[in-house]
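Asks: These protein sequence lines map, in sequence, to chains A and B.
Its first residue numbered 26, the first sequence is counted upward by one per residue in our numbering.
Its first residue numbered 672, the second sequence is counted upward by one per residue in our numbering.
Calculated directly from the structure, the hints in this document are not laboratory data.
Here the structure is a predicted model, which means the values were calculated and not measured.
Check before you lean on any hint, since a few could be wrong.
Restricting the straight-line Cα-Cα distance to at most 16 Å, the calculated cross-link-like pairs of lysine to aspartate or glutamate (EDC-like) are [what the hints assert, rightly or not]: (1) A/Lys81 - B/Glu738; (2) B/Lys804 - A/Glu77; (3) A/Lys81 - B/Glu806.
Far from chain A, some chain B residues (derived; all Cβ distances over 10 Å) [what the hints assert, rightly or not]: (4) Glu695; (5) Arg707; (6) Asp715; (7) Gln724; (8) Gly739; (9) Ser742; (10) Arg760; (11) Ser784; (12) Ser785; (13) Ala811; (14) Asp824; (15) Lys845; (16) Leu848; (17) Asn853; (18) Met860; (19) Arg872.
Ideal Cβ placement from N, Cα and C applies to all residues, glycine included.
The chain contents come next:
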Amino acid sequence: MTTLKGCKEFCQRLSEYLDGEIGEHECRLIEAHLAECPPCALVYRSLCTTVEVCNKGVSCEIPDDVRQRLLQFLREHCDPGYAAKT
Amino acid sequence: MRDADQEDRTAIKKVLAGDFGAFEALVEKYQGRIYRHLRKMVKDNHVAEDLLQETFLNAYRGLRKFEGGSSFSTWLFRIATNNALMFLRKHRPQSIEYDDEIRSDPSLAFMTSSPEFADTPLEVLLSQEGRSKIEEAIEALPTLYRSVLILRDVEGFSLSEVADIVNSSVPAVKSRLHRARNAVRETLMGYYIEKELSTSRGAS
Numbered sequence: 026m027t028t029l030k031g032c033k034e035f036c037q038r039l040s041e042y043l044d045g046e047i048g049e050h051e052c053r054l055i056e057a058h059l060a061e062c063p064p065c066a067l068v069y070r071s072l073c074t075t076v077e078v079c080n081k082g083v084s085c086e087i088p089d090d091v092r093q094r095l096l097q098f099l100r101e102h103c104d105p106g107y108a109a110k111t
Numbered sequence: 672m673r674d675a676d677q678e679d680r681t682a683i684k685k686v687l688a689g690d691f692g693a694f695e696a697l698v699e700k701y702q703g704r705i706y707r708h709l710r711k712m713v714k715d716n717h718v719a720e721d722l723l724q725e726t727f728l729n730a731y732r733g734l735r736k737f738e739g740g741s742s743f744s745t746w747l748f749r750i751a752t753n754n755a756l757m758f759l760r761k762h763r764p765q766s767i768e769y770d771d772e773i774r775s776d777p778s779l780a781f782m783t784s785s786p787e788f789a790d791t792p793l794e795v796l797l798s799q800e801g802r803s804k805i806e807e808a809i810e811a812l813p814t815l816y817r818s819v820l821i822l823r824d825v826e827g828f829s830l831s832e833v834a835d836i837v838n839s840s841v842p843a844v845k846s847r848l849h850r851a852r853n854a855v856r857e858t859l860m861g862y863y864i865e866k867e868l869s870t871s872r873g874a875s
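Please model the entire structure based on the sequences and the hints provided.
Replies: Here is the structure:
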């Protein structure tokens, strides 16, 4: 059975824990540790914040001219019947 | 099977039957996400555009080989990722060869955090300035770490889909993701600690 000793080992597993990739027993160990260790709980909170801001804060709209050139390029280079050929 | 996957499969059948409009609809659907992924990987607008064109051309020409073992989006991201890596290997080999390890920072080995970052409200973190810091932190990551973080945390692929896209194993993806997330966390944390300090210095 997995044992986790010390804050360092707990912190090494937080990314997987956040992804729901940890078995039930280890999950319980981590949750118990987070409940009683404020520094690790803070690391976990900041990790959750990091994932959330990456998810919501990364933009990069495709410019309209890039869209237009893509379509034009594909119309010129894709033989419309190509995919249908065996 | 997800509805989006089913829709894509229906569209692919039409394309294979000679309906080019169905392919244009797939391009319309995915071009934004593919462009963003390529732009983040190669960090150059013009190169990202060339690779975008190449990716959809490759997808069109290889569509018959798409076997449906994975979703169309995973398959398309795999083509885009391979194109980006081929470009980087050819033109910036140092970015792949020497760039694959995140500096071994002792504070990453024993992680700490600060309330300045963890308790900063989301509207501040996602303000224009906050967003530019997130972009900077992600851009500073080595290529292979950056691609995994983007695919998982920005694009929302599952770990096994990410492993499939980057042609790696799930444990390797987990390990890279752990280090990438913590490197970004550390960069942002440093920024918000400094910001808090300068605010309090300004107030005193």
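Asks: Are there hints from earlier that the structure breaks, and if so, what are their numbers?
Replies: 1, 4, 5, 7, 11, 12, 14, 15, 16, 17 and 18
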